[in-house]
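Visitor: Letter by letter, the chains look like this.
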Amino acid sequence: MLSEFQSHCLSAAFVGGKPSFALADGTVRRVGVDVDCIRVHADATLAAAPVADEDALLTSGEDGRVCRTDASGQSREVGLVPRKWITAIGQSNGHLAYASGKTVWLQSPLGVRQMAHRRNVKGIAFTADGARLAVAQQDCVTVHDTDVAGAPLDLASNDIHNASTFSPDCRFLLVASQNSFLHGWRLSDRKHFRMLGYPGRVENWAWSSDGAFLATSGAPAAILWPFGGDDGPMSCNATEVAPRPQSVVTAVAWRPDAQLLAIGYADGIVLLASAEDALSVRPLRESGRAAITSIAWNRSGESVAFGSAAGECGVITVDA
Amino acid sequence: MESTGKLPVTLLTGYLGAGKTTLLNRILTGDHGMRFAVIVNEFGEIGIDNDLIVETDEEIYEMNNGCVCCTVRGDLIEVLERLLRQPGRFDAIVIETTGLADPVPVAQTFLMDEGVRARTRLDAVVTVVDAKHLPLRMKDSREAEDQIAFADVVLLNKSDLVSPAELERVEAVIRTVNPYAEIHRTERSSIGLDRILDRGVFDLQRALRLEPNLLESAGKHDHDGHECREDCTHDHHHYHHVHGAGKPSPVHDVTVTSISLRTGELDQNKFFPWIHRLTQEQGPNILRMKGILAFHDEARRYAVQGVHMIVEGDHQRSWKEGEARESRLVFIGRQLDRQQIAQGLDSCLAEEAQC
Chain A
7 MLSEFQSHCL SAAFVGGKPS FALADGTVRR VGVDVDCIRV HADATLAAAP VADEDALLTS
67 GEDGRVCRTD ASGQSREVGL VPRKWITAIG QSNGHLAYAS GKTVWLQSPL GVRQMAHRRN
127 VKGIAFTADG ARLAVAQQDC VTVHDTDVAG APLDLASNDI HNASTFSPDC RFLLVASQNS
187 FLHGWRLSDR KHFRMLGYPG RVENWAWSSD GAFLATSGAP AAILWPFGGD DGPMSCNATE
247 VAPRPQSVVT AVAWRPDAQL LAIGYADGIV LLASAEDALS VRPLRESGRA AITSIAWNRS
307 GESVAFGSAA GECGVITVDA
Chain B
-7 MESTGKLPVT LLTGYLGAGK TTLLNRILTG DHGMRFAVIV NEFGEIGIDN DLIVETDEEI
53 YEMNNGCVCC TVRGDLIEVL ERLLRQPGRF DAIVIETTGL ADPVPVAQTF LMDEGVRART
113 RLDAVVTVVD AKHLPLRMKD SREAEDQIAF ADVVLLNKSD LVSPAELERV EAVIRTVNPY
173 AEIHRTERSS IGLDRILDRG VFDLQRALRL EPNLLESAGK HDHDGHECRE DCTHDHHHYH
233 HVHGAGKPSP VHDVTVTSIS LRTGELDQNK FFPWIHRLTQ EQGPNILRMK GILAFHDEAR
293 RYAVQGVHMI VEGDHQRSWK EGEARESRLV FIGRQLDRQQ IAQGLDSCLA EEAQC
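Just so you know, the protein sequences line up as chains A and B, in that order.
Counting in the working numbering, the first sequence runs from 7 upward without gaps.
Counting in the working numbering, the second sequence runs from -7 upward without gaps.
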């Protein structure tokens, strides 16, 4: 099933079991028997992030609003900064954060905090328990304890960081940047490392549910980094999955059981690969007009939703 | 509009109070049917009449290639990527910088970032100059001079507030810094929008198609005898602004000079190593470089342009029957050694063309 929405897809997600797509034009589209078009933001949507357990899709826009679109199709404003572009959002375990310029607003059960940073905030990420928040900026990543007001931890790295992510066990923090590598820290001793070898920027990544692997875009194959051991990927080689030398991987998503990886490419193709056997690959979508920007699995692992930079949004049923 | 499908971007520079915001509002409210996205540093006090205004922070970022002069604007890359997600929403982009902003990282953003380059083109750098206050600005800041050196179009604004003689003097200063820019005398930033929009002057190929005489300097003046200082040769990390190298400029407070060179057919195998070596060694001193080159055994003209250490070029139309196959190259910068650069260029002449 494919819909053509004529607007860049920021995030493909399942909300209450329904495939839902946050588009750059300010809408969320829900695809079922009919297609619902939910006007969430007055102008463009700038950032989108699915909420855990298929509860909702979180978006922020040029209208200064942060909105939560839930399974009923209702959209509710959960944050507002008048006249500002909200360019990054994140949510975890009762905590919500959003950013504009150098400021991050954090809503938690304890109240609202406003946190200033030295540089423009590019990306924010919570740990799974919501206890820590990483704020990626130029030349630095700031780690806040969300429920304790104290001096944050600044981790320096000379780069424009676009996004950050914690490993599911919260031991590692990684950042992606304008450059073609990932920078990471082991938080226990702040030992840092670089994950190299990409021909271009890494713009999409996904942790396997067991935390054993991080899959990333940015190369002609999906790149799998091992995070099972004490040292994470340090002194380890990455595994290349489903290489296609003429293209580049632009989006990745693990099936909830961490056995299969859905991989989207710059030419719109989507493949299904096995983490165990790098050669076991089957096609899910054989052609497209634009780069895949986002992929998501439903909870049962039976359906894959994908969206592209040209607004092609689809759902594919995957046989076990 | 250009048929390339690339969004034209106009960069407005100029000191605080020179008349940039007035010009911006003239652009936005002009009778052209175009929809603009406007990128400003701060919303500020004075209203800007447009639907889509984006605030940015003028964050300058050094590329991770070990070169201090390879700077881009990280904030711009991000904003442009966001704006480009919705094709058809607007027809052009105007970037208004603060008075103290360095135009180089903006220009380099459009030359260096692949994603930005593929979908936009820097149409022109338009610098608004306050006729009354320019002499003072030139004394106390380098930015005012850099903005003029970098301009494709200069608006000599508030021309009604100075005497004709003063106006002549100020225009002469601008010509000294940048003999290749178009200068328009204006009052209250009033100017035909066709003079500043969709000019394609930064994109040299298009510029030359429209104005074959672009490289002819309007106020010709040459400097020679600049000595090559030690810090010209290798270590550009030690770059700093040094007054007084070489001969003093004929106009007080002007540190930027330009060099216009003309020679015969070049050997590509000699020219490219030479220009790369020159820009590696003297990049920090080279604000802009433009040229049209004749390569031996090549039917087409070659257009080249550069900012600091970044050089890009491409083949253009074929040389016409009877057209003199000569190479022309201009540099605008500081502490440029005319003799050394001229000799370097001549050493790239094709064997048969050498005399």
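Simulated from the structure, these hints should not be mistaken for laboratory data.
Backbone N, C-alpha and C define an ideal beta-carbon position, used for all residues, glycine too.
There may be inaccurate statements among the hints.
To be verified - Straight-line C-alpha distance at most 20 Å; calculated SDA-like pairs for lysine to any residue:
| # | chain 1 | residue 1 | chain 2 | residue 2 |
| --- | --- | --- | --- | --- |
| 1 | A | Lys90 | B | Leu185 |
| 2 | A | Lys24 | A | Lys90 |
| 3 | A | Lys90 | B | Arg77 |
Said to hold, decoys possible - Here are some, though not all, of the chain A residues that point toward chain B, as calculated from beta-carbon distances under 7 Å:
| # | residue |
| --- | --- |
| 4 | Thr33 |
| 5 | Gly70 |
| 6 | Ser163 |
| 7 | Ile166 |
Visitor: Which of the numbered hints above does this structure break?
Guide: 1, 2, 4, 5, 6
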